[in-house]
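K.L.:
Chains as they are written, first to last, in our numbering: chain V, 1 to 254; chain D, 1 to 254.
Keep in mind the hints are simulated off the structure, nothing from the lab.
Careful: at least some of the hints might be erroneous.
Heads up, the list lumps identical chains together, so a pair's fine if it works in one copy or across two of them.
[Stated by the list, open to error] Simulated pairs of lysine-lysine, DSS-like, Cα-Cα distance not exceeding 25 angstroms:
hint	residue 1	residue 2
1	K81	K231
2	K221	K46
3	K231	K242
4	K153	K221
5	K235	K150
6	K130	K44
7	K153	K130
8	K130	K235
9	K221	K130
10	K242	K153
11	K239	K188
12	K46	K242
13	K188	K81
Listed below are the residues making up each chain.
Protein chains: 2
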Amino acid sequence: MPTIYLITPTYYRHVQKAELTRLAHTFMLVPNLHWIVIEDSEVKTKLVFHFLHESGLNFTHLNVATPSHYKMDSTDPNWLKPRGVLQRNAGLQWIRDNFDPDHQQGVIYFADDDNTYDIRLFDEMRWTRKASVWPVGLVGYLRYESPVVKNSKVIGWFTYWEPNRPFAMDMAGFAINAELLFDFPDAKFKLQVRRGYQESEFLSQLVTIDQLEPKAEDCTKVLVWHTRTEKPQMKNEDKFKKKGLPGSDMNVEI
Amino acid sequence: MPTIYLITPTYYRHVQKAELTRLAHTFMLVPNLHWIVIEDSEVKTKLVFHFLHESGLNFTHLNVATPSHYKMDSTDPNWLKPRGVLQRNAGLQWIRDNFDPDHQQGVIYFADDDNTYDIRLFDEMRWTRKASVWPVGLVGYLRYESPVVKNSKVIGWFTYWEPNRPFAMDMAGFAINAELLFDFPDAKFKLQVRRGYQESEFLSQLVTIDQLEPKAEDCTKVLVWHTRTEKPQMKNEDKFKKKGLPGSDMNVEI
Ligand SMILES: O=c1ccn([C@@H]2O[C@H](COP(=O)(O)OP(=O)(O)O)[C@@H](O)[C@H]2O)c(=O)[nH]1
Ligand SMILES: O=c1ccn([C@@H]2O[C@H](COP(=O)(O)OP(=O)(O)O)[C@@H](O)[C@H]2O)c(=O)[nH]1
Ligand SMILES: [Mn+2]
Ligand SMILES: [Mn+2]
C-alpha cells in the first residue's frame with residue numbers, strides 16, 4: 001500500500017496545540033501515513049517536539065522560518081505574504097532526499113494544520129497515479145469549490161474567483177504521486193507568486209489538466225473543509241497584569 | 001470499565017459537519033463511549049442522521065428546539081440566550097430513562113461540538129466517583145481557567161471573572177458520575193440563569209467543593225481547549241445569484 005506523506009506547515013499561536021491535537025487524532029485513524037511537520041520558526045519548539053513524540057504517529061519534524069520581510073504586508077496587492085511556502089518546500093526536499101522512487105510507492109498531500117479532513121479522503125488519494133483532485137468545503141466564499149467533471153474527466157473549475165486559472169484549486173484539493181518530484185526535480189512553491197495562483201503555478205510544473213484523476217464520486221462529495229479557528233482573546237491576562245497579578249502560569253502549556 | 005456518556009448539543013450552520021467530523025475522529029479513538037447528540041432543531045436533520053449512522057460510533061440521536069423567544073437577545077444583560085440548555089437536559093433525561101445505576105457504571109461529560117479534546121482526557125474522567133475537574137484551555141479571555149488545587153483538594157478557582165462563584169468552571173471542565181442523576185433526580189440546567197452561572201448552578205445541585213476530584217496531574221495539564229471556529233463567509237454564493245447563476249449545487253452536502 002502506498003504511503004501517504006502529509007506535509008503540514010505550522011506556526012506558533014495560542015490555538016496551535018489544539019489544532020495539532022485534533023489533526024493528530026484524524027491521522028491516528030489512517031494506516032500508512034508519514035506526517036512531515038515543518039515549523040515556521042528559527043528553531044524547533046519544545047511544544048511541537050514533545051507533541052509529535054507523544055503522538056505515536058510516524059513523523060518527521062523540520063523547521064524553516066519565513067523571512068520576516070516576506071511576512072510584512074506587501075505594497076503590491078498582487079503579492080500576498082506567503083503562508084507555508086518555504087515550509088512546504090522543505091517537506092518536498094525531505095521527500096526528494098529520503099524517498100526512493102524505484103523501490104517505494106508514495107502520495108503527497110499538503111495538509112494545513114487548521115483544516116478538517118474526513119478519514120475517507122485518504123482512501124480516495126491513496127492510489128493516485130499522477131494527481132488526484134476533489135472538492136474542498138468552505139472555501140472561496142462559497143459552500144465549496146470543486147473541479148467540474150464530465151465523463152470522469154476534469155473539464156474546468158467551479159470557483160467564483162478566476163475559474164480560468166489553469167488549476168483553480170485550493171491546497172487541500174489535490175494529492176500527487178511522489179514520483180512526480182523526481183520526474184520534475186525543480187518543481188516547488190514560490191515566495192513570489194500572483195495572489196491566488198500558488199496552487200495553480202505549482203501543479204502547472206507537474207501535470208496537465210487531462211492527467212487529473214477526479215475522486216470522491218466524480219467530485220460530488222466533500223471530504224475536506226477549509227475551516228479556520230478563531231483567534232482567542234487574552235484580555236483578562238492583560239487585566240491581571242495591570243493589577244500587578246501574575247495571570248496564568250506559563251509553565252502550564254496550552 | 002465505566003461507560004462515558006458524552007452529551008453534545010449541536011445546531012445547523014455551515015461548519016457543523018466539519019465540527020462533527022473531527023469530533024467523531026477523536027471519539028473513535030476512545031473505548032467505551034456512548035455519544036448522545038441532541039440537535040437544537042424541531043426535527044432530526046438528514047445531515048446528522050446520516051453522519052451518525054456512518055460514523056460507526058455508539059450513539060443516541062435526539063432533538064429538541066430551543067424556543068425562539070429564548071433565542072432573541074434579552075433586554076436584561078444578566079440573562080443570556082441559552083446555548084444547548086434544553087439539549088443537555090434532554091441528554092440527562094435520556095440517561096435517567098435508559099441507564100440502570102444498580103447494574104451499570106457511567107460517567108457523564110458535556111462535550112460541545114466545537115471544542116478540542118485530547119483523548120487522554122477520557123482516561124482522566126473514566127473513574128470519576130462524584131465529580132472530576134481539570135483545566136480548560138483558551139477560555140475566559142485567558143490562556144486557561146483552572147481549579148486551584150492544594151494537597152490534592154480544590155480550594156478555589158483560577159479565573160479572572162467572578163472567581164467566587166461556587167463552581168467557577170466552564171462546561172468542558174468537569175465530568176460527573178451518572179449515579180448523581182439518580183441521587184438528585186431534579187438536577188438540570190436552567191433556561192434562565194444568571195449570566196456565567198450555568199455550570200455553577202448545575203454543579204451546586206449535585207456536589208460540594210470538597211467532593212471534587214482534581215485530575216490532569218492536580219490540574220496542571222490542559223487536555224481540553226475551548227476552541228471556536230470562524231463562521232465562513234458565503235459572499236460569492238450571493239454574487240453568483242446576483243448574476244442569475246446557480247452557485248453551488250445544494251445536493252452536495254458540506
Ligand atoms: O505565518 C504563518 C502562517 C501560516 N502557516 C501555516 O501555513 C498553513 C496555511 O496557513 P493558514 O491556515 O493561516 O492559511 P489560510 O487558512 O488563510 O489558507 C497552515 O498550516 C499554517 O499553520 C505558517 O506556517 N506560517
Ligand atoms: O443555538 C445554538 C447554539 C449553540 N448550540 C450548541 O451548544 C454548545 C455551546 O455553544 P457554542 O459552542 O456556540 O458556545 P460557546 O463556544 O460560546 O461557549 C455547542 O455544542 C453548540 O453546538 C446549540 O445547540 N444551539
Ligand atoms: Mn487555514
Ligand atoms: Mn463553543
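K.L.:
A separate judgement is required for each hint: does it hold in the structure or not?
P.N.:
Hints, verified against the model:
no.: 1; hint: K81 - K231; verdict: both (19 angstroms within a copy, 23 angstroms between copies)
no.: 2; hint: K221 - K46; verdict: between (38 angstroms within a copy, 15 angstroms between copies)
no.: 3; hint: K231 - K242; verdict: within (22 angstroms within a copy, 32 angstroms between copies)
no.: 4; hint: K153 - K221; verdict: within (16 angstroms within a copy, 51 angstroms between copies)
no.: 5; hint: K235 - K150; verdict: neither (52 angstroms within a copy, 27 angstroms between copies)
no.: 6; hint: K130 - K44; verdict: neither (33 angstroms within a copy, 42 angstroms between copies)
no.: 7; hint: K153 - K130; verdict: within (14 angstroms within a copy, 59 angstroms between copies)
no.: 8; hint: K130 - K235; verdict: neither (49 angstroms within a copy, 34 angstroms between copies)
no.: 9; hint: K221 - K130; verdict: within (21 angstroms within a copy, 44 angstroms between copies)
no.: 10; hint: K242 - K153; verdict: neither (62 angstroms within a copy, 30 angstroms between copies)
no.: 11; hint: K239 - K188; verdict: neither (46 angstroms within a copy, 34 angstroms between copies)
no.: 12; hint: K46 - K242; verdict: neither (29 angstroms within a copy, 51 angstroms between copies)
no.: 13; hint: K188 - K81; verdict: within (17 angstroms within a copy, 50 angstroms between copies)
Violated hints for the displayed structure, listed by number in ascending order: 5, 6, 8, 10, 11, 12.
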